[in-house]
Amino acid sequence: MRSIVVRVLSTCAAIVVTSLLVLTAFYFLDERVDLPVEYTVREVAYSTLHQPGPPSDDAVWTPVGLPGGPRALPASGPPYTAWYRFQVGDGVRDYDGPLVFYQFSPLANVEFFAGQRRLGSGGPMREPLPFHARQVMFEFDSPVIRNETWLYHRTGRPFSVPRSVQTYVGPKDRFVDTYEHVRLWGFHIPMFIVAVMLTLGVLLLLLWVFRRREAAFGIYGLTICLWAFHILHGLVLTPPIPADFWFVLDYLALWWVLLMPLFVHRFFSVRRPRTERAILVSGVTGTLLLSWAALFASFDTLAVLSNLVWVPFTQLWGLYALCVFAGMAWVRGGFENVMLFVLGGLMFVVGTRDILFLVGADVPGLTFYVQYVAAAQMLFIVVLLARRFVSSLGQYESLNVELEERIAQKSEELEDNYKRLARFERAETLATERQRLMRDVHDGLGGQLVQALVLSERDGASDELRTALDAALQDLRMIVDSLAASGGDLQTLLAVFRERLQGTLDHKQIRLRWSMSDLEDAELGGERSLAVLRVVQEAVTNAIRHSQCETLSIETARLGSREVRIEVADDGQGFDPGQAVGHGLGNMRVRAGQLGGRLDLESTVEGTVVRLEFPIEPAT
Amino acid sequence: MKETASVFLVEDDPVTRRHLVETIDSLERFCIVGEVGALAEARERIEPASPDVLLTDLKLPDGSALALIEEQADLNPRLLILVISVFGDEETVVRAVEAGAHGYILKTDSSQAIDLALQQLLDGGSPISASIARHLIRRLQPASDQSAATQADPPPSLLSRRELEVLQLVAKGYSYQEIANLIGVSSNTIGSYTKRMYTKLAVHSKSEAVFEALRLGLVTKPE
Chain A
1 MRSIVVRVLS TCAAIVVTSL LVLTAFYFLD ERVDLPVEYT VREVAYSTLH QPGPPSDDAV
61 WTPVGLPGGP RALPASGPPY TAWYRFQVGD GVRDYDGPLV FYQFSPLANV EFFAGQRRLG
121 SGGPMREPLP FHARQVMFEF DSPVIRNETW LYHRTGRPFS VPRSVQTYVG PKDRFVDTYE
181 HVRLWGFHIP MFIVAVMLTL GVLLLLLWVF RRREAAFGIY GLTICLWAFH ILHGLVLTPP
241 IPADFWFVLD YLALWWVLLM PLFVHRFFSV RRPRTERAIL VSGVTGTLLL SWAALFASFD
301 TLAVLSNLVW VPFTQLWGLY ALCVFAGMAW VRGGFENVML FVLGGLMFVV GTRDILFLVG
361 ADVPGLTFYV QYVAAAQMLF IVVLLARRFV SSLGQYESLN VELEERIAQK SEELEDNYKR
421 LARFERAETL ATERQRLMRD VHDGLGGQLV QALVLSERDG ASDELRTALD AALQDLRMIV
481 DSLAASGGDL QTLLAVFRER LQGTLDHKQI RLRWSMSDLE DAELGGERSL AVLRVVQEAV
541 TNAIRHSQCE TLSIETARLG SREVRIEVAD DGQGFDPGQA VGHGLGNMRV RAGQLGGRLD
601 LESTVEGTVV RLEFPIEPAT
Chain B
621 MKETASVFLV EDDPVTRRHL VETIDSLERF CIVGEVGALA EARERIEPAS PDVLLTDLKL
681 PDGSALALIE EQADLNPRLL ILVISVFGDE ETVVRAVEAG AHGYILKTDS SQAIDLALQQ
741 LLDGGSPISA SIARHLIRRL QPASDQSAAT QADPPPSLLS RRELEVLQLV AKGYSYQEIA
801 NLIGVSSNTI GSYTKRMYTK LAVHSKSEAV FEALRLGLVT KPE
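Residue numbers (this note's numbering), protein chains in the order written: chain A, 1 to 620; chain B, 621 to 843.
For the record, the hints were derived by calculation from the structure and aren't laboratory data.
Please read all numbers here as calculations on a predicted model, not as lab measurements.
Any given hint might turn out to be false.
Said to hold, decoys possible - Below, computed lysine to aspartate or glutamate pairings styled on EDC-like, alpha-carbon distance capped at 16 Å:
hint : chain 1 : residue 1 : chain 2 : residue 2
1    : B       : 679       : A       : 443
2    : A       : 508       : A       : 440
3    : A       : 508       : A       : 571
4    : B       : 679       : A       : 440
Please model the complete structure; the sequences and the hints are all you need to start from.
In structure tokens:
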């Protein structure tokens, strides 16, 4: 609801602002055109004598009604040429300074005579006949012609007769300002607009040539080039080709402004293939018809076709484009869309007014104005297109940057992966090699030790030899266990150690108290596991050999989440750590150090406690 | 049950073989009905001997005994199979169990230990070690579910709660007797759990192998 109010208000505001701007522009265009009514030529006689030179006073002169100007011109037919004889008031006749003959936008060519003397012309008076909308002003020194018959010669197309073909003769001072003003707004500024439009149009076309996907750029470039040609057409005094074709070219240009809806579709990313086909079909049909009329039909047919069918039909497509603008302004909102709609609306209104003016309807204003609104609209659209272009460049840039970042990131990841893979491969090779070695040790050395043990038992060898052999076998087993492929799991290693120990303990009749906390996650790796086992084994061996204990206790406990304590305790006779030799205490301390842990030893006559504390993860 | 259980021995090392023959023959309830040193010989002689127990070394001069274990387990499901291991380590024993063995003895085992292992086997139990228990947990229990015993709704596992509990205690190094005391069953029961789990592992391994073979297109699924 709120958004609708905002849209309505912003649309109204945009319409008001734009209308004010346009009204101001028209004020400068029209209100400053100060045509001095008092110098209007009042009495005019008219002759249709077809001759290059001025007719004599004896020719047939028909009086023409005033003040509408030379209304008696034919409404149809071939190009005409007409002579006018006129009178000026006494004020002018008696004026002492330089005088001028002035016509505002005659839409034909005129020349001015005093008696038989030609004082000036607005363009060639023969084929190709121009069709321009430029004012004409001829200066003459008043005393020279004061008593001559004043004539003016007009040649043009029958249908191009605007109301404002009033003829003025008066003091030069009185016309200079108007002349300069109209020259600025009616010639210099339109010429400037033409130059800007052609430049922009060609630029847009070039963009499209190099990037065919941006059809909107191409279509719009073509549209404004055509429009520029249409304006230029009204400014050229001497057409480079026969007037009929020049004229037809203008209408074709105007006709193909119906490319506008195609552009609008692309601009808003609207897909309406059927409408577009209709536009193209009507475009081609129109071109063929117009060409046919220009080549084979009479100029009248062409004129009727152009002004009564052509231009209104083009205007219909303009109305369609306006509807799309309206829809977009309504649905999408935003300053740009509203502005496009407003400018489109103005274009339509002013264009319609110009058409009515062209066909001679009674509408306000002195000349055609659509070119000024069109310039504003086209400039706005070009700015929008440029902004789109730049923002898509910006998008490309940021995408590029992002892509580069991602590539850098990926290659870093790839490198990391490669390194990791290399590490894994090394580890894998090492593990495989170690496993092979262990299997050899297991099957070979292990088997032989077993054999030796069996032999020693059978042959009644000494206890010492048997113990030594057994110890060697146990040690080998410990190494195999800790370095096995799946080794390094502290809990299992301790458990396996206990399995090996049990026989000895049973033999010595020592009771074992076994208490294990949860150590499932304690994966120490082969080397560190072996260090732990060696410390525990040393402590246990000491207890069994020297303490004469009855009970041995092995306990593990977690200290926080990443540290473990292993405690080996006996209830034997104890020893003095300071005096102890052969207890392997030094070795135990070194191994505890390797583990990044601590070794505590307490020994009293009540027994001995060996405590090993170490982190599960190696210090980095 | 027969008065005396017959044992067929496959061991290539003459010293160990003699040691084992002497040890087993000296036991009251066991006697050796055949002793060979190679696979080929074993295949030839085991059928006529029809032993109750097959006691075999793994590494033999003409190949690994794993194939023999598999064949014999298939041929005669009632045959009790023990492997002779130097250390009873995970590496060797698990492979044997997967092939269908019911347990192992150590080459260094005393005659009492051998007697105990054979006795346990006849009573329907199997010896187990911590490393093997750990292996069983890893193979038979879904990885995410190591602590299933405490979970309200554990996902399907190949192990029962009780079996898992036993295995976890074995893996921590507790003896059968200690475990029996801890969870309130007899130590024989623990042995039978072990045997059952060995069978599961063998079956599980076979089904895995079949699945893998199907996947690789080595065999086709019967219609």
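Structure-based check of each hint:
no., hint, result
1, B:679 <-> A:443, "8 Å, holds"
2, A:508 <-> A:440, "33 Å, violated"
3, A:508 <-> A:571, "14 Å, holds"
4, B:679 <-> A:440, "12 Å, holds"
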